[in-house]
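Residue numbers (this note's numbering), protein chains in the order written: chain A, 1 to 496; chain B, 1001 to 1126.
I should point out that these hints are in silico values taken from the structure, not numbers from a laboratory.
Heads up, some of the hints might be wrong.
[Stated by the list, open to error] Restraint ranges, calculated between C-beta atoms of paired labels, are given here:
#: 1; chain 1: A; residue 1: V211; chain 2: B; residue 2: I1031; range: 30 to 38 Å
#: 2; chain 1: B; residue 1: A1097; chain 2: A; residue 2: Q5; range: 25 to 33 Å
#: 3; chain 1: A; residue 1: S462; chain 2: B; residue 2: N1029; range: 38 to 46 Å
#: 4; chain 1: B; residue 1: A1097; chain 2: A; residue 2: E104; range: 23 to 31 Å
#: 5; chain 1: B; residue 1: K1054; chain 2: A; residue 2: P34; range: 38 to 46 Å
#: 6; chain 1: B; residue 1: G1100; chain 2: A; residue 2: P278; range: 23 to 31 Å
#: 7; chain 1: B; residue 1: E1117; chain 2: A; residue 2: S462; range: 39 to 47 Å
#: 8; chain 1: B; residue 1: K1126; chain 2: A; residue 2: T414; range: 14 to 22 Å
Glycine residues also receive a C-beta, built at the ideal position from the N, C-alpha and C atoms.
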Amino acid sequence: MIIEQAPPLIVIIVLMSAVATPLIGWLRKDLCYPWVVLVLLASTCCSVLVLNTVIHEGVIHYYMGGWLPPWGIEYVIDHLNAMMLVLITGSSLLVAIYSKRSLEAELPDRTVSFYTLFLLQVTGFLGIVITGDVFNLYVFLEIASLSGYALIATGEEGAPFAAFRYLILGTVGACFYLLGVGYLYMVTGSLNMADLAELLPALYGSKVILVAFAFFMVGIALKMALFPLHMWLPDAYTKAPSAASALIAPLMTKVAIYIMLRVMFTVFRPYFSIDLLPVTKIMLYAGIIAIFAGAVMALAQRDFKRMLCYVVIAEVGYMVGGVGVANAVAIKGAILHIMNDVVMTLGLFLVAGILAYKMKNHEITAFDNIFKKMPFTMAAFLVVALSVIGVPPTCGFFSKWYLIQGSVMAGNWTFVVALLFSSLVNIILFFRIIETGYYDFGASGSGHAHEEGSGVSEAPLSMLIPTIVVAAAIILIGLYNQSIITNIINFAVPKL
Amino acid sequence: MDFIIAKYNYLIYVILMMIGFYAMIAKNNLIKKIIGMNIFQTAIILFFVSIAYKKGGATLPILTHADAHGEHAIQVAQYLNPLPHVLMLTAIVVSIATLGVALAIAIMMYRKYHTLEEDEILKAIK
């Protein structure tokens, strides 16, 4: 019985607990942390269960309240969103475990409201991914975004302004999405994705459909920070509290890419998105430009977290460009890269949070001698960095491999050049940090760092363990990539 | 001209939306930006309500005596579609929540920088 109800439980457990968190915080403030970890653990178990069911028994349809689609709201879980569910719940669980000490340092008097927003944010992500209804998706998108704005606004100096900018642009993005829904509803009278997919092919010549599609794509591109619509991202993610940026940075952009895939390949048929319109061509070039721009701007940054933000922007270019190449191999690469990028970005921002916790600062110049001081953190960082660069045993290599293979098959050499260029730039980016970290420059270090001398002062365990788990996950995904592809990703690739 | 009169509600929606968009882009004051954002969202509500509307003798989709004249009670081409209105109830809630968060962030900034002008805040952050 529990197994039948597992799909809605994934969302409901988190949503209801978000509402209950202020009450628990009101009773006892320190109960919030175990409560949130417990809730996310339960949700993670449900989503792993669902993924397992999907792999063995195929797509799950869950009808809310027994109302059949297209009238009722339907939850549809296929391989793509089962994978996303596990990624979202798993990474939010890790961030929740990690958040304790970093919150004590950064937001000591706001833990209760932080955890409430944290759970609401996770609810939003899960809802976006699990639902089979375009309007329901809009509502969850706004839940995720609104709690994201609030989380970001609690950060350091300048964070409210960054959050405000994000809010304005994010609202425009969501409104465009809503307009797209409106235009589709106007001609079809349906909001259910599967039903829309049935009704739309007869109308593919219509201008209304074109307008709807354009609104969808622009709105989602704003949400995923596709260059040149990325303006809100670097400030917002740099200035957010470490725990919040570790939650939002890996997931928000990837969830937006998931929405893009859904709209392109589920609501609309692949032949509409690929053959009828030049959308994928535009996406390919948008992706290439995003990769170049993100990589070049990352080079110019002196702040570690800000540099990571531009790495995120370049990675968005990988996935959008990969879908833009529009053959099965490249889309396989793009979907695998969604998975890898969640894990890698999570790892990077967890390390950034640890460094910010220890150094009270995220300038790269403050990082001298960190390899000696924090050997385990930096070992994890090295694994993540190698994966972002794309070195074979780690997972980053394989998705890049499929992307490059796909674009070679399609004859898109510019995209190949962009991917290789980005790898080269990533080498420079991360070796700059490794270089600073290995040597003791002395002069630039802050005073108290020197008094501690060369002794090991590792991050607290609650922060260290999630980081190491992520590093291990990167290697494991890399080693088992073949079985992940055959069991999950091959089913998620649309039939072209 | 007939086209304008027939579709005036859609034109108003576009004009309102552009007014809101302009305010979000061009205004320097944060509260004006927030108001612009709200106008933008309201325009979309107008759009959704317009698509539900039918001119002249539209019926209500109510199933009283459905067993007697089921055919007449629900003819898709005739009744006013209530669903967009329901969707807009949700969208209104979303837009109010957005407005609330935006105003809260504006208050946060006012407490810190004692101004709501964008350029002055940017100067204070740098």
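Comparing the hints with the structure gives:
1. Separation of V211 (chain A) from I1031 (chain B) is about 32 Å and conforms to the stated range, judged on CB atoms against 30 to 38 Å.
2. Against the hinted window of 25 to 33 Å, the Cβ-Cβ separation of A1097 (chain B) and Q5 (chain A) comes to about 28 Å, which satisfies the hint.
3. A hinted range of 38 to 46 Å holds for the C-beta pair S462 (chain A) and N1029 (chain B), which are about 43 Å apart.
4. Checking the proposed 23 to 31 Å range against A1097 (chain B) and E104 (chain A) shows it holds: the Cβ atoms sit about 29 Å from each other.
5. A beta carbon spacing of about 56 Å between K1054 (chain B) and P34 (chain A) contradicts the range 38 to 46 Å that was offered as a hint.
6. Taking the beta carbon of each, G1100 (chain B) and P278 (chain A) are about 41 Å apart, not inside 23 to 31 Å as hinted.
7. Roughly 42 Å separates the CB atoms of E1117 (chain B) and S462 (chain A), a value that falls within the hinted 39 to 47 Å.
8. In this structure the hint that K1126 (chain B) and T414 (chain A) lie 14 to 22 Å apart at CB is violated, the actual value being about 37 Å.
In this structure, the hints that do not hold are numbers 5, 6 and 8, in rising order.
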